Amino acid sequence: MRALSIGCLLLFAIGAWAEDYPTQDTVEMVVLCMSDIGGQSEENLYTCACRHDVIKAKMTFRDYENASLVERYQSMPGKKGQLFRDFKDGEKLFERLKAARKEATAQCPEVKRIVREPPKK
Amino acid sequence: MSKLSVGKWMIAALALVVSLSAFANDGVKKLTQDPNYWAYPGGNYWNWRYSELNQINNQNAGKLVTAWTFSTGRLQGHEGGPLVLPGSATGLGSDHLYIHSSFPNDVFAINLDDLTITWAYEPQQNEAETVPVMCCDIVNRGLAYGDGKILLQQADTLLVALNAKDGKVAWKAENGRDIGYGPKAGNTTTNAPHVIKDKVFTGCSGAEFGVRCWIAAFNLKDGKLAWRAFSMGPDSDILMDPNKTMSMGKPVGKDSSLKTWCAEGDWDKNELRANDAGKRACSKLGDQWKQGGGSTWGWWPADFEQNLMYYGNGNPGTWNPVVRPGDNKWSMTMFARDIDTGMAKWVYQMTPHDEWDYDGVNEMILADMKVKGADRKVVVHFDRNGFAYTVDRVTGEVLVAEKYDPAVNWATHVDMKTGYPQVVNAMSTDFNGEDVVSKDVCPAALGTKDEQPAAYSPRTGLFYVPTNHVCMTYEPVSYAAGGNKYVAGQAFVNANLTMYPAGAVMKDGTDNMGAMIAWNADTGKIVWSIPEQWSVWSGVLATAGDVVFYGTLDSYAKAVDAKSGKQLWKFKSPSGIIGNFNTWSHKGKQYVGVLSGIGGWAGAVVAIPGLAAAPDEAALGAVGGYRKLLSVSRNSGVLMVFSLP
Chain P
3 MRALSIGCLL LFAIGAWAED YPTQDTVEMV VLCMSDIGGQ SEENLYTCAC RHDVIKAKMT
63 FRDYENASLV ERYQSMPGKK GQLFRDFKDG EKLFERLKAA RKEATAQCPE VKRIVREPPK
123 K
Chain B
269 MSKLSVGKWM IAALALVVSL SAFANDGVKK LTQDPNYWAY PGGNYWNWRY SELNQINNQN
329 AGKLVTAWTF STGRLQGHEG GPLVLPGSAT GLGSDHLYIH SSFPNDVFAI NLDDLTITWA
389 YEPQQNEAET VPVMCCDIVN RGLAYGDGKI LLQQADTLLV ALNAKDGKVA WKAENGRDIG
449 YGPKAGNTTT NAPHVIKDKV FTGCSGAEFG VRCWIAAFNL KDGKLAWRAF SMGPDSDILM
509 DPNKTMSMGK PVGKDSSLKT WCAEGDWDKN ELRANDAGKR ACSKLGDQWK QGGGSTWGWW
569 PADFEQNLMY YGNGNPGTWN PVVRPGDNKW SMTMFARDID TGMAKWVYQM TPHDEWDYDG
629 VNEMILADMK VKGADRKVVV HFDRNGFAYT VDRVTGEVLV AEKYDPAVNW ATHVDMKTGY
689 PQVVNAMSTD FNGEDVVSKD VCPAALGTKD EQPAAYSPRT GLFYVPTNHV CMTYEPVSYA
749 AGGNKYVAGQ AFVNANLTMY PAGAVMKDGT DNMGAMIAWN ADTGKIVWSI PEQWSVWSGV
809 LATAGDVVFY GTLDSYAKAV DAKSGKQLWK FKSPSGIIGN FNTWSHKGKQ YVGVLSGIGG
869 WAGAVVAIPG LAAAPDEAAL GAVGGYRKLL SVSRNSGVLM VFSLP
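Chains as they are written, first to last, in the numbering used here: chain P, 3 to 123; chain B, 269 to 913.
There may be inaccurate statements among the hints.
With the Cβ distance kept under 10 Å, some of the chain B side facing chain P (calculated, not the full set) [claimed, not checked]:
1. K297
2. T300
3. C403
4. C404
5. D708
6. A712
7. L714
8. V738
9. M740
10. Y768
11. P769
12. W802
13. S803
14. W805
15. L821
16. I866
By construction, these hints were calculated from the structure, which means they are not laboratory data. Treat the numbers as computed from the prediction; the structure is a model and nothing was measured. Quick reminder that beta carbons are idealized off the backbone N, C-alpha and C, glycines included.
Generate the whole structure from the sequences, applying the supplied hints.
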């Protein structure tokens, strides 16, 4: 019985994971974040992976996806853009995304790298 | 030799003479019958957007992968799709793919053998003059091919023919400035040109700027104007024969357009509607038709047997219906015109006296099919107004007119005797009056469907339709409350709108704003429907592999089973998809290509004047999150090409 419950839990976990942030989007978020804080480096990877995890914990992928759509496409001209400007639920999602980003920035400060200069001879 | 066999010889000889006096597009016609290529915007001349290729099918579509991608280097919305032509048609040694970009409408010829750019054409257009008067994004719907030329309809209304071989300009023709329009008068162009017989057909945009629009045919050979037919005005301008042009089975009669533009204040709103039992005629005529709109930017098929081409036109000038009482003919109308002379054979006005911006520009699809048990030659059209029409394409008789989204509520039904939609008073923005907000009108102004073309599969007999599921509030703005009078080159809209998911009106707990549907044009019923969070704004492709392709605003390219609608594959592309899926094969391998790119990026705020109206916060957010992307991967429209591994 116990084994069965663990099996179920495991299945559930895998199911949830499969529905989670796809690799493509995860990589994109992290690469973009590194680019924003000074480029690709190991320490920026720590910061951005951390920020990604915070956002991931706060929003399902579908919500994140729709929120970033609203963010990107509100400025589109014409009726296509108006769909995004007028969509109240989308606006709420966007607000959540902004809050999640703020939280992520607070929780995951930029990592400093200390390089020890070789002793001068 | 008997008399009979002489007769047979004569017929054969005549046939030979006819085929020798080849029309320039005989080559195009042949190419459209070869599924390895894509030579006409709609795939074939009946606008099916269907391919006989079946290498990719409903058994293996799940394995599709990216084959190659091409960045156009331009921002904003990318509509339309690629053309694919053999070397024999272009004078080049190998198969080539031709693709366009949003403004300033660059054209690229890509060698499919080695994926190099054989030539590129970059038009010089006056951005400051053109872009601010493009009402709804700086899209271009693609190219046409005929007689060794690639045709480009630039945004600034210039029609250009390029040699398919080297991209050099063969000829240029003015399609607007020659009659005093063009960008300075708010007139631009977004449509794909269409080569039919020995002519290039092209359209007109600017109904939001008071342009009186038209359709024009230019000689493919030299770019000389063959004919131009306006959407409204005197019969001679519309190319309409009062005695021979038919509407609902009757000749249209003299001045059929002019008679339906009444003077302001001519209609008493209380006698206006009541399910159209009310007044329709004018007691006093007005001249609002001079700013009448009726733009033409859809996808046009041709029936060579009837020698007719088909198209629909857009909204009447100014979105405030109160100032233009009358049916406003022939805006919002389905036209069948003689290909050679332009003379209208028949017309059918779908939305008389438009009060909602339900343009009738959407694609026309031709089919020979059974309707109510009888074999009919039909044209099928999914209108912005939410009704799908099946019309006899020879006579113009309306056979079926049914709602293709259950949310549609502005009219109860279409009266099949008069052809009039039966408008619901509560949804009539004219009846409710100027400066009054009409609420929960469905569909919204973007329509149950916009220009994004549907597909037809002869294998299933079904139409595959990308749809919107959106409602709106609509407030016509009076001159007294700040509506502007017509000034050439200035926006002439005079209405305020908001749009939201149809579920809010239907109160069914849903919040999806789109659906991909399969439609039976005989019974007028939805066969299957896939809800989509956002409007489905891509052109659809159906294939002999029983796969239907479409794209979404949230960037997904999708393949579904043509019979069941079951999802087979999805792929996240760099941006929202508003382009059309086309297919071809090269060296024995089938490819499916679509443009991904809807703009709306942070950089666009700088690039597009007038966008300053976008919410500041959104723009700022975008700058924060996407600044880098603008210089890296997603800064432009991308042609995505898929194949099996």
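Looking back at the hints listed earlier, which ones does the structure fail to meet?
Violated: hints 1, 2, 5.
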